[in-house]
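Asker: Residue numbers (our numbering), protein chains in the order written: chain S, 1 to 400; chain X, 1001 to 1565; chain W, 2001 to 2355.
Hint data in this document are derived by calculation from the structure and do not stem from the laboratory. Among the hints, a few may not be true.
Some but not every residue of chain W turned toward chain X, in silico, with C-beta under 10 Å [stated by the list, open to error]:
#: 1; residue: V2035
#: 2; residue: D2036
#: 3; residue: F2039
#: 4; residue: L2056
#: 5; residue: V2063
#: 6; residue: P2069
#: 7; residue: V2089
#: 8; residue: V2096
#: 9; residue: N2148
#: 10; residue: T2152
#: 11; residue: S2155
#: 12; residue: C2199
#: 13; residue: G2200
#: 14; residue: R2201
#: 15; residue: E2202
Cross-link-like lysine-lysine pairs, in silico, BS3-like; alpha carbons within 30 Å at most [claimed, not checked]:
#: 16; chain 1: S; residue 1: K150; chain 2: X; residue 2: K1247
#: 17; chain 1: W; residue 1: K2072; chain 2: W; residue 2: K2120
#: 18; chain 1: W; residue 1: K2124; chain 2: W; residue 2: K2187
#: 19; chain 1: W; residue 1: K2072; chain 2: X; residue 2: K1503
#: 20; chain 1: S; residue 1: K194; chain 2: S; residue 2: K121
#: 21; chain 1: W; residue 1: K2124; chain 2: X; residue 2: K1247
#: 22; chain 1: X; residue 1: K1247; chain 2: W; residue 2: K2266
#: 23; chain 1: W; residue 1: K2266; chain 2: W; residue 2: K2339
#: 24; chain 1: W; residue 1: K2339; chain 2: W; residue 2: K2355
#: 25; chain 1: X; residue 1: K1247; chain 2: W; residue 2: K2264
#: 26; chain 1: W; residue 1: K2264; chain 2: W; residue 2: K2187
#: 27; chain 1: W; residue 1: K2266; chain 2: X; residue 2: K1426
Just so we're clear, the structure is a prediction, and the values are computed from it rather than from any experiment. Glycine is no exception: its CB is placed at the ideal position from the N, C-alpha and C atoms.
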Amino acid sequence: MTTVTDHSHHGDAGKPSVGHEHDAHGGHGHGDHPDFVAHHFDTPEQQFDAGKLGIWLFLVTEILFFSGLFVAYTIYRTVHPEIFEYAHQFLNKYLGAINTGVLLFSSLTMAWGVRCAQLGKRWGLVNCLGLTLFCAAVFLGVKTFEYAEKYEKRLLWSGSFVSAPDLGKEAWGGKPAAHVLHVNMESDHATLNKRVEDDLGYIMKLWFWVLMLPLAMMLVGHWMNYRSLRSTGIGGLIAIIGIMAGIQTGLIIHHQLEPHGSEHGEVAHVEGDAHADPAKSGESDSELATDKADHEPKDAKTVEKELVAGNATETEIHQFDRAEQIPRNWSVFFSIYYFMTGLHAFHIIGGMIAITWLLVRAVNNEFHSLYFGPVDYVGLYWHLVDLIWIYLFPLLYLIH
Amino acid sequence: MATDISTTPGSHTQPVPPQTEPDYLHVSSGFSSWAFTLDHKRIGIMYLIGVMAAFALGGVFALILRTELLTPGPTIISADWYNQMFTLHGAVMVFLFIIPSIPGALGNFVVPIMLGTKDVAFPQMNLASFYLWVGGAIFFVAALLTGGLDTGWTFYTPYSTTTSTSVIAATFGAFILGFSSIFTGLNFIVTVHTMRAPGMSWFRIPLFVWAIYATAIIQVLATPVLGITLLMLIAERALGLGIFDPKMGGDPVLFQHFFWFYSHPAVYIMILPAMGIISELISTYSRRHIFGYRFIAFSSVGLALLGFLVWGHHMFTSGQSPAMSVIFSALTFSVAIPSAVKVFNWLATMYRGSISLATPMCYALAFLFLFTIGGLTGLFLGTLVVDVPLHDTYFVVAHFHYVMMGGTLIAFLGGIFHWWPKMTGKMYNEFWGQVSSVIVFLGFNLTFFPQFILGTRGMPRRYYNYVPEFQSLHVMSTVGAYVLGLGLTIALAVLIHSLMRGKKAPNNPWGAATLEWQTTSPPPLYNFNYEPVGRDPYALHEMEYDASIDGYKHNPELAKLAPAH
Amino acid sequence: MTTTLLTLLANDELVPKWANWNMFPESNSTFGPAVDGAFNFIMWVCIFFFVLVCGLMVYFMVVYRRRTPNDKMMSSPTHNTPLEIFWTVVPSFLLVIMFARGFAGFVDMRTPPADCYDIKVIAKKWSWTFQYPDGTSTNELHVPVDTNVRLTMRSDDVLHSLYIPTMRVKMDVVPGRYTYLWFKALKPGQQHLFCTEYCGREHSMMITKCVVHPTQPDPNGNEDALLNMDFPQWLVYASDITRNKNFMTDGKFDPVKAGAELYKTKGCSACHSLTDQRIANGGPPWLPLSHALKTGEEIQLQDGSVKADDNYVRESILAPNAKRRTGYGNMPSYQGQMKDPEIDAIIAFIKSLDK
């Protein structure tokens, strides 16, 4: 075995130098090669620089990944601005704004956590990471509400979008397409909220069961005096409690906001009568043009618009239907909305997993002033995810 | 082995003690020692086996295609099968073979040693990259077994969103392979930046590493766009996204823009590493310092960056606006320059050299010939008015096979023969190696040269059936394909034979000056049993042949006798 | 001086015959000279560089071959900046010429003249339909010689691409938009027309012909009588749907088949459904009409009623607003746009709906 000690091309002669053993990859811990420096690095600085460059490159790939979507968005919006102007009203900009604030705050707690790691403040770091997780969960909780609400209204991506002519055909498990039906009807509204909350309640129940795992780990670790198991349990517990609190907060936010914030009512003024009896809607179309036109001009027109909008794929391409307001293919807005926010939410979840991993390691006291790279890297990633939302929010919610 | 090293260039003064530790192949054994290895050399070997298997699969598809094209109309398979075959031939060759081949196999093995480091910056990520490749391959095979794939490797919408074959499995496979590629590229960039040995300044990096570095830039910058494009395509199929669907107000041509925004730079992912290998081979086997090191290094990076600006030249007849076509045509010509510069530099390197026609050099010379044709025929396609009749004909097929196969594959073979003794510690049969290169060269030209004529005469690509006047050229091409197949089989046989019967390789059989030839063959687990120091990687005049070991040794005395610069 | 040089390089008139290495099939359109000239120019640039590179390569291989493993190294430079700049810059000029030639010809290709004969092209899996201004449609492209022809193309399904090698033209046919193409044929005769954008199983069966008709009928010109007709003559011939191969069943004219096609191409499908469901704001659906024709029942008009028969349908096509049905709006007249055999075919098609 060869050991070479005079090796200081990184300019810091006092730093640990190479002293690896050749036992595969586990050759740490020899002499002055610290535990936290992987075998193939010479110094902690080299390891940190490599990690830092690596995460920045990764962020570049992430930016390019999303930029593809932003380009698609831009092109589609340039060609069909009317779709965006019309359909964005179905998004709740208050919920979006709250989520923006929540994510911004989580970026602060994350940055604070990095500082704590650099200073070696173990519990400061744990608190910051827990808070970040909490914020992420609030974000996802609110997002879940938004998704669930749209799901209940069948405001889905184009492939599953329920267009007006399909109304009453019971294509969707017997439920009528609520986005045309429900508006301004208090009873429907209440049912809708109930359904959404049921969905969320179910998710909470799942999380409650997940909670058992770290709890058990902590107890077993404590009982057997097995330190890393115990700290893993504690970390996991903090993480999940943070997440559950976050989801709960998301629910509360929705409760506080929903009665005042929703704009849907002002958008599609479709009274229930045209659709009150779904079975009739099939024949109503032929009469509408002639009979009802005189009595209820506005409603009939709107309904007709819906009908044409859903049916229009077979006819020539033009921007608006003969009837003005509802643009053709407005479901594509929701396609884009789900794709972009869904991919972003997926990144949030990825970040939460990474933060949980950090949390466990932080409880285990693995970070200190010489080794805080992972916290730094995840922090950078988290800021990027935050940044992407900062773009998504105005592009989807705040269109004028 | 103990006597192999008496002096090493890294430590001019102190001789290294005799080596007793086992090399990387023998340091541990068993399935898991390979499956969970973090050693870049073993990962490189696994990649090598993987990409060669993928190449064999794609090659069989190619032979089936060529056989089918012996006659107009049906010959051996149905039109549906033919469409699946050419799609899978393209998809397997591009995504599973060419893109990962040189960076994944040779790059993984050689780059860290060339830089004088113990491993790449992120060994776990390196292994993950390999397993992502495996995962992608599994999805491709799954697509093959569950309905096949008949979209062409380009997945153009709206055909790909409406056909009944397994487009989602295949595109998801390509999506995963994209991440494999990103991980490889990211690893190499970080390795080159932060892991160089002492004294290994930027301009002492071997040109192969420069090429891999330039490639890695493209992998990191372009592949994510492919990823999102394929995700959108999957969503288009599965959810009816609408962005590419003309019925939903979307634009199918937008998909082409997205696709080529990645896939044109991807062409440079494929060819740049090959150029890097050629720089090493020409210099080593001419025993001459590479000519114009900086021009070659910068032309690699230049190509990588320019490659991002020219994707629209795949779409001159797609319905994009004429103004865009004009701009893309102008930009396209700018790419010709760096490629030409490299060719001239390689020629100048041979000038007044001592040219050995060892197998790797035979492949390198074949590369020079074929790549020149491939590159020059690109000029026809970049010229707007000439591209209009040539687009989507066999001319294009011939052009990219001359570049991708005549270029990348030939260079890859040259690289394998060059580094084989280092990877395995075994020499191969030189004569049969040379024979393989000659047969491959002849077979290649017989296969693809007629296709230039076919294309100019008007033969469209992806045709199962064709008008009878094209038959004689098709027959030539098919015969050529079999000759080519024979040549490649001989090459494989030579390599397998060397594993079983090859004589032990010296540390430096070729007299190369890069660091990987200064360590043992095969290298130890951590690559060097001395502390390597970066120096001029092309100081070939300092290498001295020693008949007792049938290899070269570094002789510091010769450094003083450097040829005039 | 530079200008002279450029003219020489760009002027194909000065190229001697032996130096014409263009490999295209003989040109039959006004684009020929631009395309072939540029091709030949690039060809010679390529030959020059290919011979230079490979010649030097072979020369070096021989002259500097390795004699012993330790050949004495000859002195030679490792770089030479002026030389490298030279071979970077000089080829650039050639590239500029190539670009310029490609650009000039391309602009011409993409700018149809004002006086074009317009033909509509509909591509679908896996056939071409060419529609002429008088409503005739065929599966082979027929054009008059010496006339600017513009193709306005659309696709019913996936991407296709129309390619006529002898005309040197190619353009993708994209669903959801129109693409254009124009050319001017120089000589009568027939040539291949290919689909060059992969479109599925029968992609390679989308081969058809582009027939160029002479200005004067030429009875002795060709064995194929069709090719000898001048274009107007051919158009009269082709507009007779009873001779259209697409509408044949077992070699005989099949009016139902023809009617089904006309239903789509004449635009009936925009307003009339083939079921009993009315298209929104459309005209009467055809299935009930078919039933009515069979049973001869009365049809309710806005003023009175009429017996459903062939004459009623014929009148509804030629003078739709003479008898208007209750609950329906106006329909444009097809007077002069549909010939009798076509109306017959439509009626036969309607009748065939109620089975």
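Asker: All the hints need checking, so say for each whether the structure fits it.
Answerer: So, going through the hints one by one against the coordinates:
1. V2035: holds, 5 Å
2. D2036: With Cβ-Cβ at 9 Å, under 10 Å, it holds.
3. F2039: At 5 Å from the nearest chain X Cβ, F2039/W passes the 10 Å test, so the hint holds.
4. L2056: With a closest approach of 5 Å, the L2056/W hint holds.
5. V2063: This interface hint holds because 9 Å falls under the 10 Å limit.
6. P2069: Nearest chain X Cβ about 4 Å off; hint holds.
7. V2089: holds, 9 Å
8. V2096: This hint holds: V2096/W lies near chain X, its Cβ roughly 8 Å from the closest one there, short of 10 Å.
9. N2148: Violated - the Cβ of N2148/W stays beyond 10 Å from chain X, reaching only about 17 Å at its closest.
10. T2152: This hint is violated: T2152/W lies away from chain X, its Cβ roughly 12 Å from the closest one there, beyond 10 Å.
11. S2155: holds, 9 Å
12. C2199: Because about 6 Å separates C2199/W from the closest Cβ in chain X, which is inside the 10 Å limit, the hint holds.
13. G2200: holds, 6 Å
14. R2201: holds, 5 Å
15. E2202: Interface hint status for E2202/W: holds (7 Å vs cutoff 10 Å).
16. K150/S - K1247/X: It holds: about 24 Å lies between the C-alpha atoms, which stays within 30 Å.
17. K2072/W - K2120/W: violated, 73 Å
18. K2124/W - K2187/W: holds, 29 Å
19. K2072/W - K1503/X: holds, 28 Å
20. K194/S - K121/S: It is violated: about 44 Å lies between the C-alpha atoms, which goes past 30 Å.
21. K2124/W - K1247/X: Judged against 30 Å, a Cα distance of about 15 Å means the pair holds.
22. K1247/X - K2266/W: Holds, at about 21 Å.
23. K2266/W - K2339/W: Holds. K2266/W to K2339/W sits at ~12 Å (cutoff 30 Å).
24. K2339/W - K2355/W: holds, 27 Å
25. K1247/X - K2264/W: holds, 18 Å
26. K2264/W - K2187/W: Cα-Cα ~34 Å, so violated.
27. K2266/W - K1426/X: With Cα atoms ~75 Å apart, K2266/W and K1426/X exceed 30 Å; violated.
Violated hints, listed in ascending order, are 9, 10, 17, 20, 26 and 27; each of the other numbered hints is respected by the structure.
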